[in-house]
Each structure stands twice: as structure tokens, then as C-alpha cells.
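Starting from the given sequences, assemble the full structure and let the hints guide the process.
Numbered according to our numbering, the sequence shown spans residues 424 to 938.
Read the hints as simulated data drawn from the structure, not as lab findings.
A couple of the hints might just be wrong.
[Unchecked claim] 16 Å max Cα-Cα, derived EDC-like pairs, lysine to aspartate or glutamate:
hint, residue 1, residue 2
1, Lys605, Asp638
2, Lys622, Glu569
3, Lys622, Glu643
4, Lys831, Glu720
5, Lys572, Glu643
6, Lys582, Asp595
7, Lys577, Glu682
8, Lys813, Asp803
9, Lys566, Asp550
10, Lys813, Asp799
11, Lys668, Asp678
12, Lys557, Glu540
13, Lys557, Asp500
14, Lys843, Glu720
These figures come from a predicted structure and were not determined experimentally.
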Amino acid sequence: MQKQGDNSTDKIQIHWADVIASKVDATVPHRIATGITPSGPIHIGNMREVLTGDIVYKAMTDRGIDAELIYNADDFDPLRKVYPFLPESYTEYIGMPICDIPCPCGKHESYADHFLEPFLKSLEELDVKPKVLKSSELYRTGKYTEQVKTVLGKSTEIKEILERVSGRTLPDSWVPFYPICKGCRKISNAEILEHIPEKNLVKYKCECGHVDYCDYSKGEGKLVWRVDWPMRWSALGVTVEPFGKDHSAAGGSYDTGKEIVEKIFGGSAPFPIQYEWISLKGKGAMASSTGVAISIESMLEIVPPDVLRYLIVRTKPEKAISFDPGMGLLTLIDEYARLSDKGEGREYELSAISDVATDIPFKHLVTVVQIAQDNDAIFDILKRSGYDVKNRDAVLRRAERAKIWVGKYAPDMVKFTVRKELPEEVLSFSAADIDALTLLIEKYAALKEWKAEFLHNAIYDLGNETGANPKDIFTCIYMAILGQKRGPRAGWFIEALGQDFVMKRLLETVNAGAQ
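Written out as C-alpha cells, the structure reads:
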């Protein structure tokens with residue numbers, strides 16, 4: 424019997440990915456599917472789907488389950504509007520498949536590839552290695568021909584399922600297939616006039632008035648989303664899939680898809696992993712279409728990839744994540760640093776990747792890069808602090824991330840500039856301030872090591888000995904060096920500046936106050 428106050432049953436916590444892995448049938452091969460439409464910059468909100476799939480994939484393979492991770496790029500979707508990041512000239516492409524629209528920068532084969540290519544490179548950095556599929560290629564190579572034929576032959580039954588499960592009312596003439604009009608080149612909610620199954624042809628009348636035939640074995644059309652999704656489950660053999668909470672609502676696309684895949688295709692719905700949104704602190708849910716987003720490649724400019732993995736690993740999929748690229752990011756990085764220092768635990772195992780070559784704290788680098796004038800100075804400061812800088816490239820990559828973070832996301836309270844000359848503000852120091860700094864110089868001169876801990880403690884020792892307020896001494900130091908009342912953590916900051924600089928500046932301050 425468990426004694427009152429005994430929390431022994433709570434000591435062992437199984438990671439959420441392992442819980443999911445324990446619920447699937449371990450005796451059969453599995454295919455974990457993720458998919459995103461590359462209609463704009465693929466942001467860290469989108470990243471949750473792919474990383475959730477990868478984390479579960481790793482948990483399943485760790486249990487000896489035969490599993491494969493796939494990423495399906497929905498590049499056969501239409502451009503729905505001119506997004507904030509596009510020129511108005513893209514108005515002419517609205518409604519066309521994004522795989523057929525010109526690349527915005529002119530360096531990629533299509534609009535879709537423009538956004539897909541950097542995302543796939545980011546996945547490599549994040550140690551995610553899925554089999555990449557493209558919807559356009561699957562449709563256009565005939566992979567889905569028989570499935571489309573089945574859907575066209577059972578449109579009435581599908582319509583009944585959708586209306587009953589979702590509560591929607593569809594037009595009598597509704598058919599779950601959109602031709603790509605040969606007149607306007609758009610994915611069209613056209614009137615289907617005839618289906619010729621033996622030739623894989625559909626005769627249609629587009630909203631633009633054009634009447635023609637499309638060959639669905641050549642990808643001249645696609646299924647509507649609520650039918651396309653369960654069709655993929657069947658055609659690709661999907662057994663596990665993460666998806667956003669919008670799809671899991673009662674009567675939503677997962678509910679309708681589950682019945683469609685069973686009754687129309689004779690298959691089964693995948694094990695569902697519902698995930699919540701990642702929102703940008705103070706701005707709401709991320710979406711490329713509204714401009715409220717940070718792309719994954721932009722985030723990897725400042726955050727080590729294992730830390731981004733940790734952002735997803737540490738939170739159950741059904742829990743929302745509020746991402747703060749400012750001070751919240753520093754906290755996240757420090758939290759992961761403490762985890763990686765131990766080098767053990769399930770969260771570490773699922774977050775860690777091989778390309779982590781330096782353990783210098785990010786917060787310290789934020790201070791260092793604002794002090795140093797060049798790369799050599801960065802290494803000089805880090806060596807003085809006792810850090811291993813043998814892997815020069817790794818140190819510079821991490822330092823570059825710190826520089827970009829300071830430039831793009833750091834709040835003003837973190838930013839500073841070391842004054843080259845003695846700030847005029849020191850002329851207003853009181854006699855008590857000057858006396859305290861004079862005694863501090865003596866203490867610093869007596870130190871055996873110029874180390875953060877000793878430099879910090881010396882200020883408190885001085886306060887205890889003289890009755891001076893340590894807070895006032897810290898303020899005087901910041902004013903003398905930065906010309907402002909606050910700055911980075913004093914011990915690290917003073918250590919990083921170096922003994923020669925600090926002692927010279929404190930002496931200049933005392934001499935200025937004595938005049």
C-alpha cells in the first residue's frame with residue numbers, strides 16, 4: 424500500500440513519444456506521414472508536425488518497430504491569394520497549382536520549390552530524414568489513378584458520408600474532383616459533365632466557361648481535400664499521422680476521412696496524433712498567410728538545431744506552445760544546456776543530434792559578441808574564461824547565432840555598447856561612489872584569478888565591509904563602462920572585458936571623480 428505523501432509512482436515518467444509507440448501494433452510495418460503545403464515560408468509552427476512525426480518515428484524504432492517516416496509536400500494545392508510577402512503581379516496566378524507557378528526569386532523550378540528547398544535543408548540540420556514525396560508527382564505519374572477512378576465512381580456515397588458526418592449540405596451536382604482547366608489553368612470547382620473510366624477521362628465545364636476533357640492518370644486534376652487525405656492513407660499505406668487540432672474537431676476532416684477510407688477504399692485510418700499550435704508570443708498563432716511567422720531557416724540562424732528539437736520534445740503534442748524569440752529563447756537554450764550537461768534522459772536522447780560541437784553558454788556569447796570587435800577578440804575572451812575553443816568553426820557558428828539574435832530579437836535591456844572613452848555620466852558620481860570604486864580597485868588588484876565568481880563576490884564583500892549598497896556599486900560599474908545603469912551579469916561581464924581594460928576604466932573613473 425502506498426504511504427501518504429509517497430510519490431514513488433510519479434518518479435518514472437514515460438515520454439509522450441514512447442507512450443504513442445507503445446500503443447501501435449508492433450508486429451506490423453508502419454509508415455508515419457507528415458505533410459505541409461509550401462505556399463509560403465515554412466515556419467516553426469509548421470515544424471511541430473514534422474518534428475512530432477520524427478520524434479514518434481525515433482521512439483518506435485527504439486522499440487524495434489519497423490517504421491518509415493515520409494514527408495508529403497502538398498505542392499499540388501492552388502495559390503489562394505496574394506500573400507503579404509508576394510508582389511501584386513502574382514494575382515494572375517491565384518487558383519493555379521503552386522507547382523506550376525514561377526519561383527518568386529527566379530532560382531527554383533517553381534513557386535513551391537522556392538519555399539520547399541530551404542525547408543528540406545533545415546530538416547537535415549534538425550536530423551530529420553524523411554522520404555520526401557510531392558503530391559504533384561504522385562498525381563502526374565499515375566500513382567493515384569485507380570483511387571481517383573474509385574472516388575469518381577462512388578461520389579454519391581462519399582457525398583452522403585460528408586453530409587452526415589460533418590453536418591454540411593453539398594450541392595446535388597457535387598463531385599469530389601477538381602480538374603485543372605485547360606482554359607484558365609486553374610484548379611477549378613468545375614461542373615463534371617461525364618466520367619469515362621476506361622480512358623481515365625473527365626469532361627468538365629469550368630467556372631471560366633471552358634469545356635474540355637482532363638486525364639486524371641496524368642494528374643490533370645485532383646481530389647478535394649477531405650477525400651484526398653483518406654485516399655493517401657490508403658494509397659501510401661499510412662499508419663500513423665500527426666495533424667493539427669482543426670482536423671480533429673467533431674465532424675472534421677479526420678472523422679470524415681476515417682469513414683471514407685474504410686467504406687470507399689477498404690482501409691483504416693492512421694493512429695492519430697493531434698497537436699496544438701505554436702504561437703508567437705504577443706502576436707498569436709503562426710501563419711505565413713498573415714505574416715505572423717518565423718521561418719525555420721531563420722530560426723536556425725540563431726538557435727542550435729538540438730534546441731529547436733527540444734522545444735517540441737519537451738511538450739506533449741496536445742499542449743500549446745507560446746514561442747518567445749526574445750528572452751524566452753535564452754531561457755530555452757539555458758534549459759537545454761543543463762539537460763545536455765547531464766547527457767542522459769529521454770528528452771535529451773530525442774533532442775540530441777550529432778552536430779553539436781561546443782558547450783559555451785549562449786547567454787555568455789551574447790555578452791561576448793557585444794564586447795569583441797572581431798573574431799580574434801571573441802576567442803581571446805573565451806580563452807580567458809576557460810572555455811574549450813579548439814573547434815574554431817563550431818565556436819564561430821554559435822557566436823554568429825548570438826550576433827544575429829542580438830540584432831533581430833534581443834530586447835533593449837540585453838543590448839549594450841562598451842564605451843571607448845570614459846562616459847560623461849561618471850562626473851555625477853558622489854564621493855561615496857568614488858570611495859567604493861577605489862576600494863574595489865584594491866580588491867580586484869588582490870585577486871589571484873580574474874574569474875567571474877570572484878569578481879562578483881568582491882562587490883558583495885565590499886558592501887558587507889563598508890555598508891555600501893552592492894546595487895549602487897554595480898550601477899557605478901555599468902555607468903563607467905556602458906554609460907547606462909544596467910548591463911549583463913556583472914561577474915561574466917567584468918571577466919569578459921579583461922583585467923587590463925576594467926582596471927584602467929575604474930582608475931579613470933576614480934581620477935575623474937577626484938578632480
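Verification of the hints:
no.: 1; hint: Lys605 - Asp638; in the structure: holds (11 Å)
no.: 2; hint: Lys622 - Glu569; in the structure: holds (12 Å)
no.: 3; hint: Lys622 - Glu643; in the structure: holds (13 Å)
no.: 4; hint: Lys831 - Glu720; in the structure: holds (14 Å)
no.: 5; hint: Lys572 - Glu643; in the structure: holds (13 Å)
no.: 6; hint: Lys582 - Asp595; in the structure: holds (9 Å)
no.: 7; hint: Lys577 - Glu682; in the structure: holds (13 Å)
no.: 8; hint: Lys813 - Asp803; in the structure: holds (12 Å)
no.: 9; hint: Lys566 - Asp550; in the structure: violated (29 Å)
no.: 10; hint: Lys813 - Asp799; in the structure: holds (13 Å)
no.: 11; hint: Lys668 - Asp678; in the structure: holds (12 Å)
no.: 12; hint: Lys557 - Glu540; in the structure: holds (12 Å)
no.: 13; hint: Lys557 - Asp500; in the structure: holds (11 Å)
no.: 14; hint: Lys843 - Glu720; in the structure: violated (36 Å)
In summary, the numbered hints that this structure violates are 9, 14.
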